[in-house]
Amino acid sequence: AIPVVDLMLKNMNGKGSILALTYHTGEVCRNREQVMDEMAAKYPDIKVTKNEVRIPGYFEDGAQYANAWLASHPAGAENLAIWGCWDDPAIGAIGSLRAQNRTDVMVYGINGNAQALENIKNGFMTATAWQDSYTEGYNMTKMVEEITAAGKSWTPKAAEVPAVLVTKDTVADFLTKHPDAIQ
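Residue numbers (the numbering used here): -7 to 175.
Be aware that one or more of the hints could be misleading.
Dumping the calculated DSS-like pairs for lysine-lysine here, alpha-carbon to alpha-carbon at most 25 Å [as the list claims (entries may be wrong)]: (1) 144 - 169; (2) 113 - 2; (3) 134 - 144; (4) 2 - 160; (5) 149 - 169; (6) 149 - 113; (7) 39 - 2; (8) 113 - 134; (9) 113 - 39; (10) 144 - 113; (11) 7 - 160.
With beta-carbon atoms standing in for the labels, derived distance ranges [to be verified]: (12) 126 - 59: 32 to 42 Å; (13) 63 - 131: 17 to 27 Å; (14) 113 - 91: 41 to 51 Å; (15) 137 - 92: 46 to 56 Å; (16) 18 - 60: 14 to 24 Å; (17) 26 - 170: 54 to 64 Å; (18) 152 - 2: 30 to 40 Å; (19) 147 - 93: 28 to 38 Å.
If you are wondering where the hints come from, they were derived from the structure by calculation, not from laboratory data. Ideal Cβ placement from N, Cα and C applies to all residues, glycine included.
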């Protein structure tokens, strides 16, 4: 979450409004939201509005919450951003932005799914953090060997795989290196 939130806050120049599409049932989304909260707290002139999306229904919720939020945030009044704790709710919000011809709102997600990458490529999404699921899975299977060897003495730990920040400036190069990411 850090690279996406960092870019979003920088792009907002310290002021404006964010619509955060959250999902408290998922631990990963709760953790990402906590990171966003901590980072945004350093910017008192940025107001964050949160809406909880459902599963199933995250595309629809993203669109519905964006419609309501946009009604009270007119174009050109301030810096505006929509942040999804994963890509799909943000992609739902993009549908509302496109229907209203709103090009003044930056959109951010996390996971780097194929739809998000296409939306970045086509200029509708600002950034995502691509998660390298293959390497995550590989590292997890390697840890099974370590866990088995250690037995009861094994201490749980995280084996982080850094996310890759993808923006309009990097998407073409990213897709050259990771062509399967868009399929």
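Outcome of the hint check:
1. A threshold of 25 Å between alpha carbons decides the hint, and for residue 144 with residue 169 the separation of about 40 Å lies outside it, so the pair is violated.
2. Restraint check for residue 113 and residue 2: satisfied, since their Cα atoms lie roughly 21 Å apart, inside the 25 Å limit.
3. Among the hinted pairs, residue 134 with residue 144 is consistent with the structure: their alpha-carbon atoms are about 17 Å apart, no more than 25 Å.
4. Proximity of residue 2 to residue 160 is assessed by CA-CA distance (about 16 Å); at most 25 Å being required, the pair is judged to hold.
5. For the given pair, residue 149 sits about 30 Å from residue 169 by alpha-carbon distance, which is inconsistent with the 25 Å threshold.
6. Proposed proximity of residue 149 and residue 113 is contradicted: the alpha carbons are some 36 Å apart, above 25 Å.
7. Between the alpha carbons of residue 39 and residue 2 the distance comes to roughly 14 Å, so the proposed pair stays at or under 25 Å and holds.
8. For the hint pairing residue 113 with residue 134, the CA-to-CA distance comes to about 34 Å; that exceeds 25 Å, so the pair is violated.
9. This hinted pair does not check out: residue 113 and residue 39 have alpha carbons roughly 28 Å apart, beyond 25 Å.
10. A hinted pair counts as satisfied when its Cα atoms are at most 25 Å apart, and residue 144 with residue 113 does not qualify at roughly 48 Å.
11. Taking the CA atoms of residue 7 and residue 160, the gap is near 22 Å; set against the 25 Å cutoff, the hint holds.
12. Separation of residue 126 from residue 59 is about 36 Å and conforms to the stated range, judged on CB atoms against 32 to 42 Å.
13. Taken as a hint, the range 17 to 27 Å is violated for the pair residue 63 and residue 131, whose Cβ atoms sit roughly 45 Å apart.
14. Taken as a hint, the range 41 to 51 Å is violated for the pair residue 113 and residue 91, whose Cβ atoms sit roughly 20 Å apart.
15. About 52 Å separates the C-beta atoms of residue 137 and residue 92, a value consistent with the hinted range of 46 to 56 Å.
16. At roughly 23 Å, the beta-carbon separation of residue 18 and residue 60 lies within the given 14 to 24 Å, and the hint holds.
17. Checking the proposed 54 to 64 Å range against residue 26 and residue 170 shows it is violated: the Cβ atoms sit about 28 Å from each other.
18. For the pair residue 152 and residue 2, the supplied restraint of 30 to 40 Å is violated, since their beta-carbon distance comes to about 23 Å.
19. Checked against the given bound of 28 to 38 Å, the beta carbons of residue 147 and residue 93, roughly 54 Å apart, lie outside it.
Comparing the model with each numbered hint stated earlier shows that hints 1, 5, 6, 8, 9, 10, 13, 14, 17, 18 and 19 do not hold.
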